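Visitor: Sequence:
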Amino acid sequence: MAAQNLGRSKTLIQKNLLFLLGSVVNKSTFSPSTFQSGGVNPFVKCYHAPPHASLLGNNPDSLFCFSRFESTKAEARLNFQNYVSEDEDNNQGIDFPGGKVAFTSEMRFISDSDHKRVPCYRVLDDNGEIMKFSNYVQVNKEMAVKMYSNMVTLQTMDIIFYEVQRQGRITFYVTCAGEEAVNIASAAALAFDDIILPQYREPGVLLWRGFTLQQFADQCFGNTSDFGRGRQMPIHYGSNEHNYFTVSSPIATQLPQAVGAAYSLKMDGKSACAVTYCGDGSTSEGDFHAALNFAAVMEAPVIFICRNNGWAISTPVEEQFRSDGVVVKGQAYGIKSIRVDGNDALAVYSAVHTAREMAIREKRPVLIEALTYRVGHHSTSDDSTKYRPNDEIEYWKMARNPVNKFKRWVERNGWWSDKDEMEVRSSVRKQLLEAIKLAEKEQKPPLEDMFNDVYDQLPSNLKEQERQLRETIKKYPKDYPSDVPL
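The sequence shown maps to residues 1 to 486 in our numbering.
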């Protein structure tokens with residue numbers, strides 16, 4: 001009887017502790033197991049071997065300590081003191097900063113990885129049909145049609161701008177082929193007040209927010225209508241009006257910046273979050289780890305969306321890290337995390353929508369790993385056929401195409417037809433060609449724009465640089481473009 005009572009007490013106390021640690025997720029949208037816990041579970045014990053102890057003689061589940069997300073609660077400490085194993089006593093522990101750590105006489109190393117990989121949340125199967133027992137955020141006809149239309153627009157943009165670059169009319173371009181669902185579905189799940197800090201493969205987020213095709217063309221051509229006044233490479237978009245930070249070329253620099261922006265929103269009491277994107281290659285940068293730790297400790301409402309597309313330029317994921325992808329890195333820092341099918345627009349929408357509610361309501365970061373695939377080259381400076389087989393590319397391009405998958409679901413609901421498809425693609429292509437024509441004809445920014453907009457008053461060193469540049473252009477006029485106003 002005493003043993004039964006002890007067992008029931010252990011179970012009850014475990015449930016109380018899990019509740020206090022915030023491990024219950026909104027069940028109306030996802031099951032509790034969908035988002036990976038923001039701390040280690042079961043809890044890590046501290047090895048402590050008394051002289052008489054056997055190294056293998058203790059129950060590994062006898063004692064546990066707390067993961068630190070919220071400050072240690074007095075009630076939780078009391079519950080811990082009530083939980084005593086059969087072969088340990090209350091004094092076998094250390095009241096360490098961040099929560100009490102129990103001792104154990106068993107020397108046990110934490111496993112380098114679980115035997116099973118973290119599952120990938122999805123809603124639509126490869127045929128675009130809802131999977132059995134799927135729990136997801138509902139999408140109405142208006143939202144679904146807009147999402148699909150934007151995916152088609154993004155796809156068409158990539159095809160045409162890529163061709164324009166190959167014709168030598170712009171200097172550089174990066175496509176989103178294969179990653180349209182991550183772009184559009186994540187953007188659809190956010191509010192306009194949410195701040196976006198992108199990498200360079202998220203133009204679909206800006207498109208969703210109302211950035212026009214003409215504005216995309218102006219930036220790629222670097223003319224006087226470009227918000228950056230031609231000082232950035234093509235596809236380095238940015239718009240204050242759309243709460244979209246300008247793309248920065250260095251990898252992962254946007255991640256800690258996003259945490260700072262999120263913490264600012266928290267301090268101001270805003271009902272909004274910061275959302276930042278990165279590729280799997282960014283997770284090998286120090287900024288990624290600094291950002292996650294900063295966000296977890298400061299409890300900043302920021303969503304990290306990692307597009308794990310299998311390749312960091314020519315480096316495959318298996319040569320980047322040994323861990324189970326990216327999702328487990330969030331748990332290591334105490335961040336709620338989820339792995340989602342990045343080629344499933346409904347799954348991405350549902351995960352981001354729920355993550356946003358969690359980030360704002362609970363004032364905490366969330367990490368989303370979207371498993372997708374970069375069908376195109378890394379950029380127009382890359383030839384991906386040199387490092388990956390063509391049949392791999394074709395498989396993801398045809399069998400796992402996110403645009404086709406979502407189209408089948410929208411058609412099955414009676415919300416889309418072949419006529420709609422033809423009209424949208426024809427209209428977008430016509431608008432783009434006209435935008436490119438106008439952008440190409442527009443004048444380039446004047447030379448002085450290379451030096452202004454940084455300081456209120458131009459400092460002497462920049463004035464000297466401008467003077468030297470003008471003298472050099474006069475001396476070697478053929479070495480400089482004739483269409484830049486001096």
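Simulated from the structure, these hints should not be mistaken for laboratory data.
For clarity, every value in this text was computed on a predicted model and none was experimentally measured.
Incorrect hints may have been included.
To be verified - Taking CB as the label site, the calculated pair distances span:
no. : residue 1 : residue 2 : range
1   : Gly168    : Gly98     : 57 to 65 Å
2   : Val297    : Glu423    : 48 to 56 Å
3   : Arg467    : Gln167    : 53 to 61 Å
4   : Ala332    : Thr472    : 35 to 43 Å
5   : Ser134    : Asp324    : 21 to 29 Å
6   : Arg425    : Leu469    : 43 to 51 Å
7   : Arg322    : Pro119    : 13 to 21 Å
To be verified - Only pairs whose alpha carbons sit at most 20 Å apart, straight line, appear in this in silico PhoX-like list of lysine-lysine:
no. : residue 1 : residue 2
8   : Lys463    : Lys475
9   : Lys407    : Lys141
10  : Lys430    : Lys146
A virtual CB, placed ideally from N, CA and C, is assigned to each residue, including glycine.
Visitor: Look at each hint and say if it fits the structure.
Guide: Structure-based check of all given hints:
no.: 1; hint: Gly168 with Gly98: 57 to 65 Å; result: 58 Å, holds
no.: 2; hint: Val297 with Glu423: 48 to 56 Å; result: 51 Å, holds
no.: 3; hint: Arg467 with Gln167: 53 to 61 Å; result: 36 Å, violated
no.: 4; hint: Ala332 with Thr472: 35 to 43 Å; result: 52 Å, violated
no.: 5; hint: Ser134 with Asp324: 21 to 29 Å; result: 23 Å, holds
no.: 6; hint: Arg425 with Leu469: 43 to 51 Å; result: 45 Å, holds
no.: 7; hint: Arg322 with Pro119: 13 to 21 Å; result: 19 Å, holds
no.: 8; hint: Lys463 with Lys475; result: 19 Å, holds
no.: 9; hint: Lys407 with Lys141; result: 13 Å, holds
no.: 10; hint: Lys430 with Lys146; result: 19 Å, holds
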